[in-house]
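Engineer: Protein chains in written order, with the working numbering: chain A, 17 to 297; chain B, 77 to 660.
Hints listed in this document are in silico derivations from the structure and should not be mistaken for laboratory results. Every value quoted in this text rests on a predicted model; they were computed, and no experiment measured them. Treat each hint with caution, since some may be false.
[Claimed, not checked] If the Cβ cut is set under 7 Å, some of the chain A residues that face chain B in the computed set are: (1) GLN90; (2) GLY91; (3) ASN96; (4) GLY116; (5) GLU268; (6) ILE272; (7) ASP275; (8) GLY282.
Beta carbons are placed, not taken as given, at the ideal position from N, Cα and C, and that holds for glycine.
Now for the letters of each chain:
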Amino acid sequence: MATLKDLRGDQPTWCPGCGHFSIMAGIQKSIIQLGYEPHDFAIISGIGCSGKVSEYVRTNGFHTIHGRSVPVAQGVKMGNPDLKVIASGGDGDGYGIGLGHFVHAARRNIDMSYIVMDNNIYGLTKGQTSPRSEHGFVTKTTKGGNKEYPVDPVSTSIANGATFVAQAFAGDIKQMTEIIEKAIEHKGFSHVNIYSPCVTFNKINTYEFYKERLTKFDEPFDTREEALSAVRAHDGLVTGILYNEKRDDYQEKLGIDFDMQSCVSGDMDEELFHKFKKQFQ
Amino acid sequence: MRNTIEWMVGGQQGEGVDSTGELFAKTLVRYGYSVSTYKQFMSRIKGGHTNYKIKATDERNYYSGDGIDILLCLDKETLTNHEDVLNANAVVIQEGKETKVETENTPEGKPFTVFTVPLKKIAKDLGNPMAKNMIALGISASLVKLPIDILHSFIEEIFAKKGEEVISSNKQAVLKGFELTNEHISNQINELKTPSEKDHLFISGNEATAFGSLMAGCRFLSAYPITPASEIMEWLSQELPKVGGTVMQVEDEIAGICFAVGASYSGVRAMTSTSGPGLSLKTEALGMAGISEVPIVIVNSQRGGPSTGLPTKHEQSDIQHMIYGTHGEIPRIVLSPATIEDAFYMAAESFNLAEVYQCPVLVALDLGLSMNKMTVPSFDTKRVKINRGKLLTQEEVKEFDETHFKRYRLTDDGISPRPLPGMEHGVHTTSSNEHDESGYISEDPENRINMMKKRLEKVRHAMVQEPFKVSGDMDTSDILFVGMGSTYGMIQESIKQLNEEGVVNASHIHLQQLYPLPIDELDPLLQGKRIVTVENNYNGQLLQLLKQYAPIHDRASSITQYDGNPFTVKSIVKQVKELISWQH
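Okay, chain B solo, but in the shape it has when bound:
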């Protein structure tokens, strides 16, 4: 019995590719499988080839996979574009005049079955032309012997409001798919092994980030729609009002951060979410949050840049922008969750860090992590405790007994007790100008030095719970891969393959805190090894970052991809082999 299935649906945008893919993924999830997905799409509403890729395994997986066992083609391009990645004995389902089964070979000579079915005609005969994708889903499910009940129960949920007739015709369509498989296909794809029941969530990085923020007490998000970050604001706009909060879609990206800074100043845990172009617009206000020491969380879901760039494609090219962006020097923390569950925990932690250190915290996502759903173990609410730092209560403010509260009081740790506007005895001034302890403008050189040191030193030792993930044998490995964001699963699988083939003895660090870089903790792990960063940008920004802090210049290089697509295991393995042969 199989424990892996790789499935893809492809078609023209607007043809139901997304909903078909999502439904099959959910079916596999409900059956108990661990599912990873990847959606390819274009910057238009209708038309253009798009696809939804799924990999399901009985154990946790982090990558939607290189190959395809079942390919559902809703257009001609689907087979042409993906024929070369079909696994041996794959089944291709396509629309055609009459039902027939043929065997063909991939360019590499792997045999695959083409199952042609008049989906449209059958659906029409069932009295519901819309149900053609359901027939194909029935075929897909029956090829791996999934119980029909799961699909049927989904149909009842999805079409609950559409009435009994629609439910019945869709159920019949699925059943028809099962019958067609039984009639025409003989065990091409084996039955899936039944996985054990687990407490799983099927969730995207954007949703996990939004959920983690809400759980951490965030009650206000102001933002401007932008791919691939919009789902954060969409999810919170649905859920925040249920807990007394709200989302505001404001006039532009600058307002997005300014509203959030204002709300945070007034005492609310507040955030904004964006992508590269928006972050560019927000950088002046980012500096304001830095110098005025207002806590703020900024989620940046990276996409293909620069400028408008590749708006619906994956990239990790804002690393330097997030660490260095804005004029002057400000305190900041830059986090980069590796997985969807880390997105939940780190979103929650980012609000703690923002308030504890009274500074902006940037959470770096990328399109791959943001928009794709995965099965993850349910989150542990005990892992991150809410910590509001030096925020004062009304009673505590009174004890200071000051006419004008010193908002920027110099303290040993550089962090000043923080009253809120509206508190009696707490009247204070917050400022984007250089200021003295009272918040009033000051251009005095000595004050300037004190304030710069206060702000820039206070975050020096800021650290999340898991600043990086380590795997592999650190003592014996001779090559260390370093990555960030959604490349986690691909790097893991590539290393497994490379180690098994005996090409290298590799280990892996996936960075989750980019700034301040936890160099004291990283340094011993970087010693003596060949360092290879794996990153989706041209200049090797992660490599540049490491080089800035660690003496690795003579033994470090990067594997990059910046064509808009995520890495595949195949492409990483190939580049590693080239790198090694070039060295010898």
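So that you can see chain A by itself, here it is in the shape it has in the complex:
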């Protein structure tokens, strides 16, 4: 059985106190507690502080480009359905530059997990407003306060057909780890948005901010409508598994007898050639 040591990769460079440490630990613990080995997983990350998680957790990792962890991760799962696939990135990566992919992944329902480290700010570029920054938020690029309103990530995935939607808080490692474990074991697309305070650049959305305001739900809502209402009633400040539905995932729905990995060096398949050639004669 894998130990925490087995799952330690490169030395993290995040700021001391960053919420991302807890999320990394939550992923590592989940893998251990579920009885998997590092080689069973592929963590596909985007760009930003959060993007480094694919190097810090020692599984197979692919540190991709800004906003594209989700399409790359879905391709990985399509290529090898036996792999456990996690896509991970930040709020700018997933709800800004990569938002389109997120919505389509939700409706497509490929069996993978998407863990977003949501710190409401662009940290690695040193403190600009993010698509998750609240209205009026003052940053280097919004000196007079943010004039826009934030993206609502969990409502977006619930509304667009995701079969597992949850929200967690880096300050509550126990609940977060339970949620990540369930997300990993969920068959289909699971979205976990995790509030992860940026201790250096975000002086508003701090650990204290969330501790005071979050409402915890222990059971998922029965319908998407109820889940959406609860999220709206609490202005998005909720944690727990909000929606969970059993449905065939994309690959099951295709109903193909997948055989993608069997290509070996050598001659082309002559018999196959003649089979396909006929239509051109």
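Chain A is fixed; fit chain B onto it per the hints.
Structural biologist: What follows is chain B alone, placed relative to chain A:
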């Protein structure tokens, strides 16, 4: 007896121009002819003039031809637009109130016959108004004395599900066409010489590319619909599930390449297909494939740019984009098949090169090559052997005995052994950041230099089986034409004409590997000759490429066309003559 027939059907989009053209082409193919085709169409679903051009010969041809022997007009514009290219004694078939035969002259004074037939009325009388184009096909076939059985057997295949009545009325329509010709036309077009039976395929460049990819073991394509590349994804989406693979039509062009990169990373031979606008969107991920050393095949079927440009028209203006596109410097290989059979072989080779060199391979098609069908000799499955390069098996991975596998191990040839995610002892990190051998981020200058050299040197000597085609007398020719893509046939025919007229003594190189340019092999052939590139873009991008590598600046120029249409032999010959007279 004739050994060439040039035929065209023209009409409004949505009127069955495509299906009528395709059926006549297939009839000629089944009879044993070598057929080249070209479809003109517009970026709309219905309306607007469109046409389908065919040239059939008893020997292999690569070009759908400049002229027309039989012109089937489904609208008024067809004759107006094409009258000037009618060959002498051509027959024009058109709709009219009553059957009549008249003789007219082209603007150049060539006589042609106008055969007016009440196609709609006859079809209606046969009880099937839809069969009017079949009457015209019957006339076309009988003008060149094709056996009626071939058309009849096609009708049985096409309408098999529609029932006996539809089959019978269509067969009668064809027969009616034969009768009308016999009654009214006296040997205007001679009988076609019967060709010998050959093992032929009638296939488009897109289909050949898709077929070659499937045969090379490609099992995953992710893409976004775009003219003129969509048929690649359509064909594979039909066929890949039969061999355990799949096509995904994803949300955008960026996802198109990212899904394929992901699938390839997991060990599948994967590709994406697109055209210029899509390639622009894919260039960041192209860079990711380059630095992270993930094999990937990107087919780019070029069309009229820039931006939305001429979305349904032909152009070859992405040459520089494919060679240089993306920020920073990456290893890549850019191929450009000259013919449809080369599209099959080079698609297959591109997967080998992508895995052997662990880099992106771009396959350049153009609209002319992509969308038009041609008769080609059946493909040789022995020509390209599948080679997965330094991909490791589970057993081989174990032998390395590493806790964290060095995915970017420095080796003599710059290519690192590659485990797959999921393999025991093969846990590794792949990265778009600059990284050290372990895949972990590194900004160390010495490591940076090592990694840049590793990546950029490894493809230096990459070479396809046939990096270029050579024809003509290299020793005595004083002028060398250089082209790429679908201009192959037109350049060949132009040279034949120019050489016969004694205008020049010309030879021809058609490039099939644009990057890395096989300059050591090309250099001796470029020596001492006047170089003329023939290309469908404004800036002479192929010429710029050659100039970058060869000292030909004082004796090189280009013939270009960028109006959305392919070259004709006439236009090439004219430009060559102007070029020569200007020089003297």
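Engineer: If a hint holds in the structure, say so; if it doesn't, say that too.
Structural biologist: Hint-by-hint comparison with the structure:
1. GLN90: For GLN90 (chain A), the interface hint holds, since the closest Cβ of chain B sits about 6 Å away, which is under 7 Å.
2. GLY91: Result: holds, 2 Å to nearest chain B Cβ.
3. ASN96: Holds. Min distance 4 Å.
4. GLY116: Hint on GLY116 (chain A): holds, closest Cβ of chain B at ~6 Å, below 7 Å.
5. GLU268: violated (13 Å)
6. ILE272: With Cβ-Cβ at 5 Å, under 7 Å, it holds.
7. ASP275: holds (3 Å)
8. GLY282: Since chain B brings a Cβ to about 6 Å from GLY282 (chain A), closer than 7 Å, the hint holds.
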